[in-house]
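A.B. asks: Under the UniProt record's numbering, residues 1 to 817 are what the sequence shown spells out, in order.
Below 25 Å or equal to it, Euclidean Cα-Cα: the simulated BS3-like pairs (lysine-lysine) are:
1. Lys80 x Lys200
2. Lys130 x Lys146
3. Lys24 x Lys383
4. Lys146 x Lys127
5. Lys477 x Lys488
6. Lys126 x Lys83
Pairwise CB distance ranges, derived in the manner of DEER restraints:
7. Ile652 x Asn78: 44 to 54 Å
8. Ser149 x Leu672: 17 to 27 Å
9. Lys784 x Pro641: 25 to 35 Å
10. Thr791 x Thr63: 51 to 61 Å
11. Gly36 x Leu705: 36 to 46 Å
12. Glu74 x Leu705: 22 to 32 Å
13. Asn78 x Asp439: 40 to 50 Å
14. Phe806 x Pro641: 39 to 49 Å
15. His315 x Ala782: 42 to 52 Å
If you're looking for bench data, these hints aren't it; they were derived computationally from the structure. Positions of the beta carbon are idealized from the N, C-alpha and C atoms, including for glycine.
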Amino acid sequence: MQHKKGQNPYFKLKDIAKTFGITKALSGVTLDIYAGEVIGLVGPNGAGKSTLMKILTGILPQTDGTIEIEGRTEEHYNTKLAKKYGVACAYQDLSLCTNLSVYENFALLNVSHKIVDKPGWRTQAKKNAKELLEKYFPGNGIDVTKPVSKLSLADQQVVEICKTLMTDNLKILILDEPTSALSTDKAGQLHKVVEELSQKGVAVIYISHKLDEIGIVSDRIVILRNGQNVGEFSSKEVTQDDLIGLMGGEKKEKKEHTTKENIIGENLVEIKGLTTNILNNIDIHIKKGEIVGISGLAGSGQQELLQAIYSAKSHIGTAGKNGVQINSTIAYVSGDRTKEGVFPLWDIRNNILIANLDRVKGKILLNKKECDDSANYWYDKLKFRAEGIESNIMSLSGGNQQKALIARGIASEADIIILNDPTAGVDIGTKQDIYALLDEVKRMGKAVILYSTEDAEIEICDRAYIIHEGAITEELKGEDITVSNIVKASFKKVEKREKTEKKNSLIGRLLTSRITLPLLTMLLIFAANVANNPNMMSYMGLRMKLNSTLPLIFASLGQMFIILSGDCDMGNGYSIALVNVIVGVLLTGNPLVGIVGLLIFIAAYMGMAALIHLRNIPAIVVTLGAQFVWYGIALIICPTPGGKCPELISNILRIQTPVVPLPIIIAVLAGLLCWFILYRSRYGMVMRGIGNNPNSVERSGWNYLTAKMTNYGMAGLMVVLSGMTFTASCNGADANSSVNYCMLSIATVILGGCEMAGGIVEPAGVVIAAIAMNLINSLLTAMKVNSNYQTAIIGLILIAVLAFKFVIHRKEAAKNE
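With the sequences and hints as input, model every part of the structure.
C.D. replies: Next comes the structure, spelled out in structure tokens:
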């Protein structure tokens with residue numbers, strides 16, 4: 001097809017091939033990209049669209065073929081060059097760090113990489129984020145200071161798109177399934193954005209399985225199938241049926257509604273007057289043998305309604321306090337495959353069978369033949385594109401992963417099946433397979449609850465409830481379920497029942513804060529210590545107690561920086577011992593040698609980060625192995641206990657500060673320093689981001705390895721401070737004296753409100769928790785509890801605290817329903 005503007009392409013992918021082992025993902029694909037043109041890229045799941053886009057963005061190198069930019073061939077094309085040439089992509093799997101706030105995700109792209117910059121960057125970043133969101137999605141209502149994890153999937157998609165639009169010198173914008181979670185109005189806003197960008201000369205590659213949408217936004221449509229070009233047309237020259245045929249599918253006609261046949265029994269779901277912070281006076285019923293749709297503008301309360309129904313599984317046959325009653329078993333299938341769906345380390349078989357193990361179990365273990373037969377039944381029925389049921393689930397395309405989730409829900413033999421946007425990002429052929437399966441499930445007498453962000457998909461339902469602003473605006477039946485009627489009902493105004501607002505009081509915020517539990521624990525244990533020994537309230541009592549706590553505070557802060565990267569340091573007990581020996585022997589005898597030794601030690605910690613990343617070795621293996629290195633070096637330097645603390649360190653720690661003892665000041669300053677680095681500095685965003693979504697950080701132009709080594713370097717520095725204060729407290733060096741700090745530091749960071757994954761840490765909580773842990777030990781020793789029982793008692797206290805934490809967060813979740 002000749003390009004309408006007649007100019008040379010800005011970017012050309014020519015005869016691109018990509019193989020993964022023996023698998024050919026792409027074979028001789030050519031794509032010309034012209035300035036200001038909107039290209040609709042379509043094809044069934046597994047056609048190679050995502051692979052081609054990863055090559056275009058520089059994430060993957062091509063196996064064969066050439067990349068030409070403005071007529072010049074780039075031999076070593078990569079992500080840096082892609083950014084230089086203005087290529088940006090809004091990914092379907094969202095390249096956001098969910099532990100960071102909305103504005104921090106934006107700031108990762110455009111803040112300065114300089115070590116020192118002008119103050120006020122954070123205020124400016126918040127302002128820029130608000131303006132950007134309002135510019136492209138007016139009335140979005142997104143709070144830019146909220147962590148992304150607190151946003152709905154639709155709002156996260158809006159943030160992803162806007163983040164991509166921030167790219168400097170934007171020349172090519174790739175939108176991968178951009179409206180899979182967007183409501184009709186937000187999708188319309190996006191289409192206007194695409195039109196405006198095109199008029200400014202930006203080329204847009206629009207990937208979608210919504211063929212009506214492709215026809216609206218595209219100038220040219222390119223079709224891929226089995227990793228090859230199979231057609232290229234002007235959007236005005238090709239129909240949806242033509243596209244479906246070229247992709248290897250056929251459009252199936254919508255079946256006549258047979259409501260009388262479908263409603264064959266009693267209500268399986270009954271809801272009367274359901275009212276929450278989001279939902280308002282919901283009354284619905286769902287009978288056996290029918291598919292009931294839940295629709296309306298995304299974010300109107302549909303997700304909350306599905307959750308309320310599924311949560312009622314704990315009291316089948318009786319109405320809960322929220323007015324929801326289910327009368328049979330229930331299964332839930334999420335459209336968010338990554339977050340709520342697949343078990344990534346398992347194969348297809350186990351992902352299908354996990355919800356129905358009772359049916360395939362033998363007398364003791366699972367019956368392998370039953371497992372294989374059941375998995376193969378669904379494998380054949382849903383026409384998976386894979387080598388077999390043993391294939392890893394992550395080796396499949398998104399559509400085939402979704403088939404496994406749907407098979408899991410149906411194979412569970414539940415009578416009520418909730419489908420939460422099950423075909424998001426799924427091609428037309430797979431959709432038709434799913435629709436046929438739902439029709440079969442309906443005839444089996446099961447009830448299907450279908451929520452979809454695609455209005456056209458609701459047309460397969462027997463009845464549909466349309467929700468707007470948390471209330472049902474209309475119930476559509478049979479042939480009245482049309483896109484036009486759904487859209488009209490989606491914008492109807494409703495009168496809301498007044499309900500009492502549950503204010504987020506100061507007490508409520510304190511109870512859900514990550515520092516509350518460690519603080520309460522510390523205060524309770526401190527009170528018990530004072531009751532046992534009133535002298536602890538004195539200046540000297542506090543000083544002596546906090547002096548012995550400093551090593552654990554620094555050890556735990558070091559562990560926190562490792563956990564920030566998604567790792568765990570299993571050898572810091574011996575690394576502290578090594579520092580203890582270096583300080584007590586080398587630094588005392590020869591200060592220069594001692595200082596060099598400590599610097600080498602910090603560099604060694606950074607080297608561990610490089611080894612873990614570059615050689616792809618699990619952190620637990622590297623840190624466990626390193627502990628023997630630390631221990632061996634410590635024994636070489638100091639084979640038997642000896643040495644002494646350098647006078648400079650001792651003199652500093654003996655300084656008499658007015659009112660507040662020095663150890664308390666040091667503890668507070670340590671927590672504040674770590675908090676400032678992580679939550680107020682620009683690079684702190686990167687340090688937190690890599691523990692949550694390394695790909696997002698790298699796509700934003702930051703180096704993952706540098707950030708990981710920085711986290712490990714900070715951990716090494718904290719271990720050095722821990723070793724120094726430990727040397728001061730025992731006034732000597734011993735290679736075996738600090739081993740217990742490993743497990744103590746892990747317990748402390750957990751108690752202190754940190755998560756072992758996801759880049760979520762709380763420096764203040766860690767400091768408080770370290771004090772609490774030390775106070776527990778003191779109390780047990782003062783009470784003359786046998787040392788053999790002390791560890792068990794500490795463990796029981798931790799379990800109790802964590803149980804309390806679980807209850808509090810569960811209540812918070814219930815309150816927000």
